[in-house]
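A.B. asks: Protein chains in written order, with the numbering used here: chain E, 1 to 234; chain G, 1 to 353.
By construction, these hints were calculated from the structure, which means they are not laboratory data. Ideal Cβ positions, reconstructed from N, Cα and C, are used throughout, including at glycine. Do not take every clue at face value.
[What the hints assert, rightly or not] Derived coverage of chain E by chain G (criterion: at least 3 residues anywhere in the stretch with Cβ under 8 Å from a Cβ of chain G; other residues may be distant):
| no. | stretch |
| --- | --- |
| 1 | 41-54 |
| 2 | 121-128 |
| 3 | 135-142 |
| 4 | 149-158 |
[What the hints assert, rightly or not] Quick partial rundown of chain G residues pointing at chain E, CB under 8 Å, derived from the structure:
| no. | residue |
| --- | --- |
| 5 | 38 |
| 6 | 75 |
| 7 | 227 |
[Unchecked claim] A short list of chain G residues far from chain E (calculated; beta carbon distances all over 12 Å):
| no. | residue |
| --- | --- |
| 8 | 156 |
| 9 | 247 |
| 10 | 269 |
| 11 | 284 |
Spelled out from the first residue to the last, the chains are:
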Amino acid sequence: MKFSSFFLLLAVLAFLPAASAADIIGVVTFKGTPPPEKEITPLMDNADCAAMYKATPTTHFYVVGPNGELADVVVSLKDVTGKSTGASAPPVVVDQKGCVYTPTILAVQTGQKIIVKNSDTCVHNVHCKPTVDGNQESNDVQMPGGADLTYSFPKPEPFLKFQCDVHPWMFAWVTVVDSPYFCVSDKDGKFVIKNVPPGKYTVEAAHRKLGSQTQEVEVKDSDVTVNFPAFEVK
Amino acid sequence: MSINSQTKTNPWLFRFAVLTASVTFLLIGLGGLVTSHGAGMSVPDWPNTYGYNMFAFPISKWVGGIFYEHTHRLLATAVGLLTTILAVWLWLKDSRTWMHWLGIAAFLGVVAQGILGGLRVTLHMDSLGVFHATVAQLFFILVCAIALFTSRFWTGLNTGAKNFFVPHGLRTLVLATTLLIFVQLIIAATIRHQHAGLAISDFPLAYGKIWPDTSADAVASYNAHRVSVTEESPITAFQIELQMAHRVVALAIFILVAACAWQACRRLGGKDSLAKLAIFWLALIFAQVALGAVTIWTNKAADVTTAHVMVGALSLVTGALWCLIGFGRSASALPDAQTFGVFGVQTSMMANK
Numbered sequence: 001m002k003f004s005s006f007f008l009l010l011a012v013l014a015f016l017p018a019a020s021a022a023d024i025i026g027v028v029t030f031k032g033t034p035p036p037e038k039e040i041t042p043l044m045d046n047a048d049c050a051a052m053y054k055a056t057p058t059t060h061f062y063v064v065g066p067n068g069e070l071a072d073v074v075v076s077l078k079d080v081t082g083k084s085t086g087a088s089a090p091p092v093v094v095d096q097k098g099c100v101y102t103p104t105i106l107a108v109q110t111g112q113k114i115i116v117k118n119s120d121t122c123v124h125n126v127h128c129k130p131t132v133d134g135n136q137e138s139n140d141v142q143m144p145g146g147a148d149l150t151y152s153f154p155k156p157e158p159f160l161k162f163q164c165d166v167h168p169w170m171f172a173w174v175t176v177v178d179s180p181y182f183c184v185s186d187k188d189g190k191f192v193i194k195n196v197p198p199g200k201y202t203v204e205a206a207h208r209k210l211g212s213q214t215q216e217v218e219v220k221d222s223d224v225t226v227n228f229p230a231f232e233v234k
Numbered sequence: 001m002s003i004n005s006q007t008k009t010n011p012w013l014f015r016f017a018v019l020t021a022s023v024t025f026l027l028i029g030l031g032g033l034v035t036s037h038g039a040g041m042s043v044p045d046w047p048n049t050y051g052y053n054m055f056a057f058p059i060s061k062w063v064g065g066i067f068y069e070h071t072h073r074l075l076a077t078a079v080g081l082l083t084t085i086l087a088v089w090l091w092l093k094d095s096r097t098w099m100h101w102l103g104i105a106a107f108l109g110v111v112a113q114g115i116l117g118g119l120r121v122t123l124h125m126d127s128l129g130v131f132h133a134t135v136a137q138l139f140f141i142l143v144c145a146i147a148l149f150t151s152r153f154w155t156g157l158n159t160g161a162k163n164f165f166v167p168h169g170l171r172t173l174v175l176a177t178t179l180l181i182f183v184q185l186i187i188a189a190t191i192r193h194q195h196a197g198l199a200i201s202d203f204p205l206a207y208g209k210i211w212p213d214t215s216a217d218a219v220a221s222y223n224a225h226r227v228s229v230t231e232e233s234p235i236t237a238f239q240i241e242l243q244m245a246h247r248v249v250a251l252a253i254f255i256l257v258a259a260c261a262w263q264a265c266r267r268l269g270g271k272d273s274l275a276k277l278a279i280f281w282l283a284l285i286f287a288q289v290a291l292g293a294v295t296i297w298t299n300k301a302a303d304v305t306t307a308h309v310m311v312g313a314l315s316l317v318t319g320a321l322w323c324l325i326g327f328g329r330s331a332s333a334l335p336d337a338q339t340f341g342v343f344g345v346q347t348s349m350m351a352n353k
């Protein structure tokens with residue numbers, strides 16, 4: 001009897017933090033008119049790549065919805081480090097399809113695997129160019145139908161660049177975070193950072209072109225909404 | 001004894017040296033295309049190419065950035081071969097000992113340059129690209145100098161021209177200007193190998209001002225407005241200042257080369273070969289300034305940018321050859337030149353074997 005009570009208590013204690021964790025939610029917006037995107041004309045000059053398109057694709061630096069909803073903003077808890085569960089987290093997949101990276105903006109934890117696929121019929125080189133000491137630069141060949149490539153980075157770094165030098169318009173930007181508390185805003189500008197333990201935090205929203213901004217929040221036992229001022233091009 | 005009586009040039013050696021210099025010039029252009037297209041790392045391995053022996057790499061795979069990088073490597077190999085033959089030829093057939101060592105220096109230079117290019121790829125070091133670009137310019141000067149020294153023009157430098165002696169002040173001015181062009185090319189190589197695109201997108205103003213605002217807010221704003229297909233990394237205040245330094249030095253070079261041309265015409269006479277070379281030099285600088293402007297106005301179009309690189313190399317080598325001729329001519333005009341000479345103009349340029 002005593003024995004089972006002890007295990008019951010342990011189970012309750014183990015689930016207590018999870019039960020009291022909450023989500024940080026919000027919508028990121030953009031004010032004004034973003035600079036016009038450009039057609040990726042060199043892509044159409046390349047027979048292998050052009051075959052996959054009817055119209056010339058464009059850059060997508062600013063993915064803005066009809067009401068200013070801003071996608072591709074990395075939202076994370078600033079200064080929360082050493083909490084990464086990346087080693088056991090499921091890998092994130094980046095595909096090379098139509099001679100572009102999909103997705104182009106993503107975030108992972110330190111130590112989390114990034115699997116890069118080549119769904120194209122042409123060769124790519126996957127060249128990752130970190131700028132933080134401890135994260136290793138590499139440049140690998142990936143033939144069409146070749147084996148997936150796997151990367152991971154031990155140090156946090158904002159917008160670490162992946163590029164293909166064979167097709168110099170191909171880029172992906174990976175933000176590496178040292179905790180599981182982050183997300184990337186979707187096409188509706190929405191973000192959800194799940195299961196944040198109670199406490200006071202600085203939430204940072206970072207856009208690759210528009211810079212970053214922060215908000216202070218306190219998480220208790222229910223979801224918290226964070227309202228960032230609208231991003232704008234000054 | 002007259003120099004001409006001692007000297008017999010080997011026209012085929014001279015032609016071969018000119019060929020080597022010409023192919024080197026093309027190689028600089030192709031290297032410029034590699035960087036302009038951001039293709040320097042498109043072949044991740046070296047000395048192999050995608051696991052193939054470089055010479056067996058199938059032409060069907062020469063696509064995208066690989067085309068520029070692979071052809072650059074092949075042409076570099078051709079320059080290596082030409083330089084090796086040139087060095088051996090000089091060693092065997094030129095009687096001037098210092099020319100033997102110049103040939104050896106060219107051979108070592110081309111080997112070092114090849115290794116630098118390879119290490120830039122395998123070590124993933126952009127900074128090595130700056131050295132690679134700089135050594136390319138020095139090597140180009142070296143093979144052009146060899147071509148000059150093997151020419152009939154060089155061996156017959158003191159054949160009775162009037163105003164043969166080149167004033168010290170003029171020589172110093174041209175030398176200083178040439179060194180400034182070399183500094184300018186290092187600045188340019190540093191700009192190009194940071195792969196940051198255009199740090200300043202307008203010309204002749206810079207972000208609408210004579211001197212741009214480089215505060216953190218201003219740089220953030222510049223980056224927010226930059227939309228480029230090749231999606232370069234964000235620019236920094238340092239890169240903007242480096243671009244401004246490039247513009248300021250360009251203005252200084254333009255003024256100095258104009259002064260050189262004017263002084264050369266005034267001191268040597270308009271028909272003198274060095275005066276003509278100085279005018280040609282000024283024309284090159286005119287073209288170079290125009291190409292620099294068009295580079296910005298076309299948002300670094302690869303062909304225009306590469307032409308800018310090539311005319312830059314020509315400008316440097318023109319100044320360097322002017323100095324060699326000017327100093328060589330003056331040395332052979334000195335009373336004791338029969339004894340000492342410079343660069344073998346007077347005393348040691350014996351007949352080619």
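A.B. asks: Please check whether the stretch 41-54 of chain E has three or more residues whose CB lies within less than 8 Å of a CB on chain G.
C.D. replies: The restraint on the stretch 41-54 of chain E holds, since 4 of its residues have a Cβ under 8 Å from chain G and three suffice.
A.B. asks: Is it the case that residue 284(G) keeps its Cβ farther than 12 Å from each residue Cβ in chain E?
C.D. replies: holds (30 Å)
A.B. asks: Does the claim that residue 269(G) lies off the interface hold, with its Cβ farther than 12 Å from every Cβ of chain E?
C.D. replies: The assertion about residue 269(G) holds, with a minimum of 51 Å to chain E.
A.B. asks: Confirm or reject: residue 156(G) is not an interface residue toward chain E, with every Cβ-Cβ distance exceeding 12 Å.
C.D. replies: holds (50 Å)
A.B. asks: A closest beta-carbon separation below 8 Å is what the hint needs, so does residue 227(G) meet it against chain E?
C.D. replies: Holds, because the Cβ-Cβ distance from residue 227(G) to chain E comes to roughly 5 Å (cut-off 8 Å).
A.B. asks: Using the nearest Cβ pair, does residue 38(G) come within less than 8 Å of chain E?
C.D. replies: holds (4 Å)
A.B. asks: Please verify the coverage claim for the stretch 121-128 of chain E: does it have three or more residues whose C-beta sits within 8 Å of some C-beta in chain G?
C.D. replies: n = 4 at 8 Å, threshold three: holds.
A.B. asks: Please count how many residues of the stretch 149-158 of chain E have a CB within 8 Å of a CB from chain G and say whether that reaches 3.
C.D. replies: The restraint on the stretch 149-158 of chain E is violated, since only 0 of its residues have a Cβ under 8 Å from chain G and three are required.
A.B. asks: Is it the case that residue 247(G) keeps its Cβ farther than 12 Å from each residue Cβ in chain E?
C.D. replies: holds (25 Å)
A.B. asks: Per the coverage rule (Cβ-Cβ under 8 Å, at least three residues), is the stretch 135-142 of chain E covered by chain G?
C.D. replies: Coverage by chain G holds for the stretch 135-142 of chain E (5 residues, Cβ < 8 Å).
A.B. asks: Just to be careful: measuring from the Cβ of residue 75(G) to every Cβ in chain E, is the smallest value less than 8 Å?
C.D. replies: Status violated, d = 19 Å.
Going through the hint list in order, the structure does not satisfy hints 4, 6.
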